[in-house]
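So the protein lines, in turn, are chains B and D. Under my numbering, the letters of the first sequence match residues 1 to 239, in that order. Under my numbering, the letters of the second sequence match residues 1001 to 1339, in that order.
Simulated from the structure, these hints should not be mistaken for laboratory data.
To give an idea of the chain D side of the interface with chain B (calculated C-beta under 7 angstroms), a few residues:
1) R1201
2) K1204
3) G1208
4) E1211
5) N1212
6) R1215
7) L1217
8) S1218
9) L1219
10) G1220
11) R1222
Glycine included, C-beta positions come from ideal geometry on N, C-alpha and C.
In case you want the letters, here they are:
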Amino acid sequence: MAELLRTAGLSKRFRGLIANDAIDFTLQSGEVRCVIGPNGAGKTTFISMISGHQTPSAGRIFFRGRDVTGSSVTARAQMGIARKFQTPSVFDRLSLHANLELASLGKRSTAAERQTRITEVLDITRLAPFRHLPASVLSHGQRQWLEVGMLLANRAELLLLDEPTAGMTAEETHATALLIRRLADAHHLSVIIIEHDIAFIRDLKAPVTVLHLGRVLMSDSFDAVAENEQVRSVYLGQG
Amino acid sequence: MTRSIVARPGAANAGLLRSETAVAVVVFFALALLPGVASGYVVYIVPQYLLYGMLAMSLALLWGFGGILSFGQAAFFALGAYAMGLAQHWDMAVNPAYVALLISIAVGGALAGVVGYFLFSAGVRDVYFVLVTLALSIMTEQITISQSDITGGYNGMFIPRMSLTFGDASLDLSDDVPMYYTILPLTIGIYALLRWVLASRFGKVLIGIRENEDRVLSLGFRTPLYKTAAFAISGAIAGLAGALYGTHASFVSPSLAGVLFSTQVVVWVAIGGRESLLGSLLGAVGVAALSNYLTAITPEYWQLVLGIVFVLVIMAFRGGVAGALGGLTAPRRPETESG
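Extracted from the complex, chain D is given alone in its bound form (with noise of 0.2 angstroms):
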């Protein structure tokens, strides 16, 4: 073969998924050591890192994976929050934490499982679809402000640790270790249970639709219905993780659903990687921990230098950190051997 194959962002998902689970162990194994060598306040802000990268893959999976990018992911977000704090208040002989988590991932999922069925359905595409969920983000915010007996309005609401409770025992969250060891499992295990999903029938017809949908449609698959769960899956996990971020943080505020807070999901997984979900999840701990470093030492020009960050990122690998990695070891020479 004499012609030149040029490599590109992503070339073979298969090969940058192979070489990213080594890298997922390799990450995990050293979080679940850090408590061991870290203390105070690092082992408090790092699960809500994990948290934010939580919602970072709940994005990878519907932008990088499907194709459609959203800036609703904060609303789903912060319904999680509203509902764990409301739930605090609820007498029931369960667990109300419990309750909470199962509601914010109902809610999240629901919500965008119907707004996704009419818009999809109605085929709605693209920047379309883009500017309905800055649109949610935006009805979210406002909708948590005006219901001020419920949601505190802009004061917000505090919302006490949850506990863990299997039958009569009972553990407290309030300390930072026993959280820190709630959330980093719950991420490790979202994270793989994304995997399995874009592993599945579903997510390979999820990545042909990003690739190219009308020829996905011709062969026969129901596209709507797809980007449809995809939407619902990406929503319940970003309910999910907001539920958590409202117990960690002990405090929700309308501005959770705000285009900014969207806004800055959106950067976490350009930078990290949108088509590697450790990469997503690493860019949202990554850019968190900078934007929280960069407050410190310069709080007038962070958001500054956050945003030539960003660019400087988006400019030399489209595909993010990950996609750049990824590139290197996709397969680029036919076989010598035939059949």
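Okay, chain B solo, but in the shape it has when bound (with noise of 0.2 angstroms):
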């Protein structure tokens, strides 16, 4: 497996507050991976600046072996490293269909090759039978379905999931779980998920990378990390 994505002392600073404190990660081609930490760990502003919604105050980032760093948002997002917010952000009142279409526009394609795209990520997320309906009316976890499916449909190779099952049923919750390991062992695609719900971090069979107080704490296999005494203290509170 090829690196794919390395941060290197990443930081960040707001005013006083130190959110990222030089974060070294990387993340191979193919690779899943959550990320977890209690509340304030600075896991979200991690993800901000890997898609270059946030600036760093200091350290790299490098994507396929190219400094990124400096990319917007759109150039990032050209390259192929697209981020799912936390809420839902999918066009409400266009149809699944059109939201698919839009987010396949992104790169150049043939109509035919788009809509070759389009039928598999609506097989793939099990979105078919909206198709035709506005995104308005799905249930929350399809909504969120829907935008991991536009990120596909939009060729992304690093998806940078946040909280994607925040708000799910349990069921919901599963599926989205089986769903990204299709996307990662079918379809190639790195993933980089900040979670809270342990169920699914299980369910995920991913190796994780703790944050805590914007430092990585640790990064190992799940059974690894669930049994660290340091890591438990954390997330007791006693951290």
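Fit chain to chain and form the complex, with the hints in mind.
Okay, structure coming up:
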């Protein structure tokens, strides 16, 4: 596996507050990684800097070995870094097909290629029966999947998912874990997921990076992280 | 599916656009036959309403499909009319009116493009953009007043009716029927052009910007450029409509650039339905005709009556008349077959 993303000494200060403190992070191509940590650990700040929505105070970001620290959100999206926002961000009044079509227009392609891609995405996300309906009629969970689908239609290579299962039912959460697993295994996408839901993280069977007070506490398998004393104490509020 | 699904105005633009085409064909066909059954004042005044409609469509593109409200459409319209007036005094080998039409398109497009580029690139949005466009109208009005050597100031400027020339042949548009059959095809042409623009990749991205600009930006589209282009197209069409208006009305004065007229354009589009080009066109024609009628029967209260109509329409249908009609045709249930 080749290195897809690397951050070196990535830091973000908001006035006096240190949100991210010299984070060194590496993601291989095709890897799924969960980023966890208590509230205020700096998780959203971290992926906001990778997507370009926040500018780092220090440190560099490399995507496919290329320094993208100074690139705009748009330029990074063009390179294949796509972000799913914490609350569903779709085009509510447009049909699902129109949502996906718009996303697919982001990269150069023929109409036939786009159509194939849209059909494929509708199948992967199990949203095909709704394709002519406005996105506003979907359930919360389905809207989250639609947004993930839009990133696929946009031919993203690195998905940044900020709490994709927030507000989902247990069934939807499980289905989301399976969806992300499929994306990585069958479609070779790389994914960074911020999550709180322990059942979901277990379902994903992915390595976990724990952030605490803006620093990387540890990076290991789910089981190793779950058994770690330090991680437990951080989550119990003693850290 | 047991979930109840509430239809919202313009819930599916595709559905609205499909049914719109049939209505548009009927409307344009009826308009083409109108001079055969009507004469005199009707044939004189309808082209003016159509030009208002063209102006309304320029705003519908921007506001209804791009989500960008402008109170500056009158500025481009007035600049087009003045360009037409000034061109008549030029001595040139080609038809000066043709040059004036091209200049009005270029001036409207360039002014909107430059203003839009700086504002949108700087992230100016929503009400702040509206305020700048409002200022644009006021500035244009003031400049046309103060530059009275060129514009005639408050007295306005008389503009002769243009002629159509084809090589050596020439058709004078002083009569209302040839004028009618010049303006109607141009209006239909602008309608068709805008429909094509909206169906293109550009149009789809523009609608996405209206719905959720941050999402579009995060998908890799440089949204300030799309918004700038939409404003430039809108300004160019408003300029063209203004130039034709100038030669049709044979007169232009500073009030044409003013805030009052700019507001009227917004009212036409809001009543007709900003998410429908045809709705906006017919909104302008209908409201302008109604104003005209009301001025005749109740010169004191016509603005009051019109204001009440505006409030009622917006209270009843937020998407205007076209939005209310379009909501009836939107699909509401998932398909039963899967895949």
